[in-house]
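With the hints as your guide, set chains B and C onto chain A.
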Amino acid sequence: MSFITLTTDFGLSDAYVAVMKGVILSINPDVRIIDISHNIKAGHIAHAGYVLKEACPFFPKGTIHVAVVDPGVGNARRPVIVVTDDYFFVGPDNGIFWPIITTCGPSEIIHLTKPEFFLSAISKTFHGRDIFAPVAAHLSKGYEPKEMGLIIKDPVKLEIKTPRKKGNILFGEVIRVDHFGNIITNISKKVLGRFLKGSKPVIKAGDLIIKDIVNSYSEAGMGEALVLIGSSDYLEIAVNRGRAADFIGIAPYKIIGTEIEVRRNTNPITRTN
Amino acid sequence: MSFITLTTDFGLSDAYVAVMKGVILSINPDVRIIDISHNIKAGHIAHAGYVLKEACPFFPKGTIHVAVVDPGVGNARRPVIVVTDDYFFVGPDNGIFWPIITTCGPSEIIHLTKPEFFLSAISKTFHGRDIFAPVAAHLSKGYEPKEMGLIIKDPVKLEIKTPRKKGNILFGEVIRVDHFGNIITNISKKVLGRFLKGSKPVIKAGDLIIKDIVNSYSEAGMGEALVLIGSSDYLEIAVNRGRAADFIGIAPYKIIGTEIEVRRNTNPITRTN
Amino acid sequence: MSFITLTTDFGLSDAYVAVMKGVILSINPDVRIIDISHNIKAGHIAHAGYVLKEACPFFPKGTIHVAVVDPGVGNARRPVIVVTDDYFFVGPDNGIFWPIITTCGPSEIIHLTKPEFFLSAISKTFHGRDIFAPVAAHLSKGYEPKEMGLIIKDPVKLEIKTPRKKGNILFGEVIRVDHFGNIITNISKKVLGRFLKGSKPVIKAGDLIIKDIVNSYSEAGMGEALVLIGSSDYLEIAVNRGRAADFIGIAPYKIIGTEIEVRRNTNPITRTN
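Chains as they are written, first to last, in my numbering: chain A, 1 to 273; chain B, 274 to 546; chain C, 547 to 819.
Errors might be hidden in some of the hints.
Computed list of lysine to aspartate or glutamate pairs in EDC-like fashion (alpha-carbon distance at most 20 angstroms, straight line) [to be verified]:
{"#": "1", "chain 1": "C", "residue 1": "Lys607", "chain 2": "A", "residue 2": "Asp30"}
{"#": "2", "chain 1": "B", "residue 1": "Lys334", "chain 2": "C", "residue 2": "Asp576"}
{"#": "3", "chain 1": "B", "residue 1": "Lys477", "chain 2": "B", "residue 2": "Glu492"}
{"#": "4", "chain 1": "B", "residue 1": "Lys397", "chain 2": "A", "residue 2": "Asp233"}
{"#": "5", "chain 1": "A", "residue 1": "Lys124", "chain 2": "C", "residue 2": "Glu765"}
{"#": "6", "chain 1": "A", "residue 1": "Lys204", "chain 2": "A", "residue 2": "Asp233"}
{"#": "7", "chain 1": "B", "residue 1": "Lys397", "chain 2": "A", "residue 2": "Asp212"}
{"#": "8", "chain 1": "A", "residue 1": "Lys124", "chain 2": "C", "residue 2": "Asp779"}
{"#": "9", "chain 1": "C", "residue 1": "Lys670", "chain 2": "B", "residue 2": "Glu381"}
{"#": "10", "chain 1": "C", "residue 1": "Lys670", "chain 2": "B", "residue 2": "Glu492"}
{"#": "11", "chain 1": "B", "residue 1": "Lys314", "chain 2": "B", "residue 2": "Asp485"}
{"#": "12", "chain 1": "C", "residue 1": "Lys587", "chain 2": "B", "residue 2": "Asp519"}
{"#": "13", "chain 1": "A", "residue 1": "Lys166", "chain 2": "A", "residue 2": "Glu259"}
{"#": "14", "chain 1": "C", "residue 1": "Lys607", "chain 2": "C", "residue 2": "Asp581"}
{"#": "15", "chain 1": "B", "residue 1": "Lys419", "chain 2": "B", "residue 2": "Asp358"}
{"#": "16", "chain 1": "C", "residue 1": "Lys687", "chain 2": "A", "residue 2": "Asp30"}
{"#": "17", "chain 1": "B", "residue 1": "Lys419", "chain 2": "B", "residue 2": "Glu381"}
{"#": "18", "chain 1": "B", "residue 1": "Lys430", "chain 2": "B", "residue 2": "Asp485"}
{"#": "19", "chain 1": "A", "residue 1": "Lys61", "chain 2": "B", "residue 2": "Glu492"}
{"#": "20", "chain 1": "A", "residue 1": "Lys141", "chain 2": "B", "residue 2": "Asp303"}
{"#": "21", "chain 1": "B", "residue 1": "Lys397", "chain 2": "A", "residue 2": "Glu224"}
{"#": "22", "chain 1": "A", "residue 1": "Lys124", "chain 2": "C", "residue 2": "Glu770"}
{"#": "23", "chain 1": "A", "residue 1": "Lys124", "chain 2": "C", "residue 2": "Asp758"}
{"#": "24", "chain 1": "C", "residue 1": "Lys670", "chain 2": "B", "residue 2": "Asp485"}
{"#": "25", "chain 1": "A", "residue 1": "Lys41", "chain 2": "C", "residue 2": "Asp792"}
{"#": "26", "chain 1": "A", "residue 1": "Lys165", "chain 2": "A", "residue 2": "Glu261"}
{"#": "27", "chain 1": "B", "residue 1": "Lys314", "chain 2": "A", "residue 2": "Asp246"}
Computed far set for chain A versus chain C, every beta-carbon distance over 10 angstroms [what the hints assert, rightly or not]:
{"#": "28", "residue": "Met1"}
{"#": "29", "residue": "Ile210"}
{"#": "30", "residue": "Ile250"}
Bear in mind the hints are in silico, worked out from the structure with no lab data behind them.
In this text the structure is predicted, and so the values were computed from the model without any measurement.
Positions of the beta carbon are idealized from the N, C-alpha and C atoms, including for glycine.
Just chain A, with the same shape it has in the complex (with noise of 0.2 angstroms):
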């Protein structure tokens, strides 16, 4: 049983994601197709990373991932496959494959140049169908990665901001809002833990201020704030019930990117003395 999953920017109201399916289910019938996400932002190739990564640990060892957010279809951006222990992701070249080729360990990427895996006309507006969906399909039906084309050592990397430590603050930033109006930040849980070492947090994000790290969305009162570690152990900013981006004082379109502080609750007898 063999698996390819596929997350695009395509939206779900034209024929383009249907495309990829149909040229996949003509050369391997016997795949199974399942979508991670065809919601991605128009381009923003670091929310396309940012998803796959978060989804691919959880399927079957030897799925193949597909990402097709590609702003640059057409131009010099190269075709790839990256190998990694458990799966094979297969998309361009432009960053959406960098968290994972980080937080994967060693992995090997091919550029692939053999157009025998590809559509029989490649056009310059949709490799998804041209070169990825066939790819996938082959790689699914038991063609090795080595067979396509040719190991490259120069990813295109993805410019990943850090949370950095200043005295008592560690400055973060908002990466993602969720479905749910959930805030999440590049804060992850073992950074926050090696910086707070026990000691109370209070979290500013924009024009909240929160006191205090809980464990479920429904620790703090109806449409009120609160700070946890999400699902996918980063630090988040949620309103139980209620939409944390609604409640930050900042517009939507600004909230990524916008800086997070967290400050470590000293003993306030040992900071006045």
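Leaving out everything else, chains B and C in the frame of chain A:
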């Protein structure tokens, strides 16, 4: 052949739904997963309950229906399986299965207490991933609900408003607005039939007053309001090629719960005497 | 291995699509169901017809394509199967299959008249569930279209506007705006090639005047408008990393049908003489 359906309020722009699918397929790669809806309004337990009740009877016997609208995740609410004659339902015990329990006759409810059927680490924010997906996958492999926990008799109920009669008027209310803007009420074909006993009705809903009930959407003129018995056998207010919800004269966020009057068109001679 | 695709205007927040899938799987649990789109604009038969025409040729031979955009459900419009060399199409005879009928060459059209292939009760509001889903499922089990009804020769047509030439100008129109805001016209690569005969064009669409045709979206500067032949071989107006539909200077609800001018850039010396 075994099927699992999914009904959630997770939307499709994050990794959440795909993560649940990955968890299921990692446990049982042979099961087939069908989406019912991931566009349930965030936290609207009743909306999920109605959609699930409407969809479930059309699926093959033995289908496992997972529903996760779970604002109380991580607190004391119990994870459950509801077993009916034909199906299994897996999700939180927060009223989401109440429409099923009250319409599908005798059922058995199991409180899920055995962590060996869950993922190894249980978060307090995402039981869809950690509990409900793996339990559904194990059910699909043939495990018995009773192996997974303890029978309970006190499931959480959902307050369901039923129509009430006052003289020649039947009062119901709006329970849902569908994708087409059709307004669906809690007045069933059966209740309506008993009330009307063959006489013609006049229906009042917000600004709309509609005489008689038609059989299909195109029996009214283009852009005209009509009333019919919808595909799930409830009284429905619609507009031919338009959105009834835009014609009712009530703000969109207030439509649900709006009172609907069905007036029996009694013989005028009898009334004036 | 047998496939059924679905194209509807049902959206994904109600039970409607899932109900159709349940009906299909109850009749043939082995068939695999692929969504083309459920976000067709409500009642827009032409939109569905174009999306289906664009997606269908990429699917394996024998695929059964169900399309339900059906504002006339419950009145006299006929339910049909259209049989082409490669596929079966199941849905209402309201013009939705006209783009298929006119481009896929000789086809046979069957008016569905045999209730033994439908659900036992036929509503006047949801033939997707009661007629089209069960007919598709029976086709996937090997029943012949001719067993299900009578051949008809007079399918309902869709008025399709074709480009017209006037001197050095080719007039086309906008037929669709896609998820990226790209504006897709009814001017095919073939018609354009014959008109230009190698000369360079100037394209006028609303406020936009664009010189020449490029090959890929990233050949214009960021935020600049461009024209190319899109992935389905029609002239398309786009903006590199932007939404052309927001730049054209025409209200969104008026864009479809907007006139597009392609002017042949004739030799200026010839013209002034």
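Results for each hint:
no., hint, verdict
1, C:Lys607 / A:Asp30, "holds (14 angstroms)"
2, B:Lys334 / C:Asp576, "holds (14 angstroms)"
3, B:Lys477 / B:Glu492, "holds (19 angstroms)"
4, B:Lys397 / A:Asp233, "holds (11 angstroms)"
5, A:Lys124 / C:Glu765, "holds (11 angstroms)"
6, A:Lys204 / A:Asp233, "holds (19 angstroms)"
7, B:Lys397 / A:Asp212, "holds (16 angstroms)"
8, A:Lys124 / C:Asp779, "holds (12 angstroms)"
9, C:Lys670 / B:Glu381, "violated (36 angstroms)"
10, C:Lys670 / B:Glu492, "holds (11 angstroms)"
11, B:Lys314 / B:Asp485, "violated (32 angstroms)"
12, C:Lys587 / B:Asp519, "holds (16 angstroms)"
13, A:Lys166 / A:Glu259, "holds (14 angstroms)"
14, C:Lys607 / C:Asp581, "holds (17 angstroms)"
15, B:Lys419 / B:Asp358, "holds (15 angstroms)"
16, C:Lys687 / A:Asp30, "holds (18 angstroms)"
17, B:Lys419 / B:Glu381, "holds (10 angstroms)"
18, B:Lys430 / B:Asp485, "violated (35 angstroms)"
19, A:Lys61 / B:Glu492, "violated (55 angstroms)"
20, A:Lys141 / B:Asp303, "holds (18 angstroms)"
21, B:Lys397 / A:Glu224, "holds (18 angstroms)"
22, A:Lys124 / C:Glu770, "holds (18 angstroms)"
23, A:Lys124 / C:Asp758, "holds (16 angstroms)"
24, C:Lys670 / B:Asp485, "holds (16 angstroms)"
25, A:Lys41 / C:Asp792, "holds (16 angstroms)"
26, A:Lys165 / A:Glu261, "holds (10 angstroms)"
27, B:Lys314 / A:Asp246, "holds (16 angstroms)"
28, Met1, "holds (13 angstroms)"
29, Ile210, "holds (32 angstroms)"
30, Ile250, "holds (23 angstroms)"
Hints 9, 11, 18 and 19, counting from the list given before, are not met by this structure.
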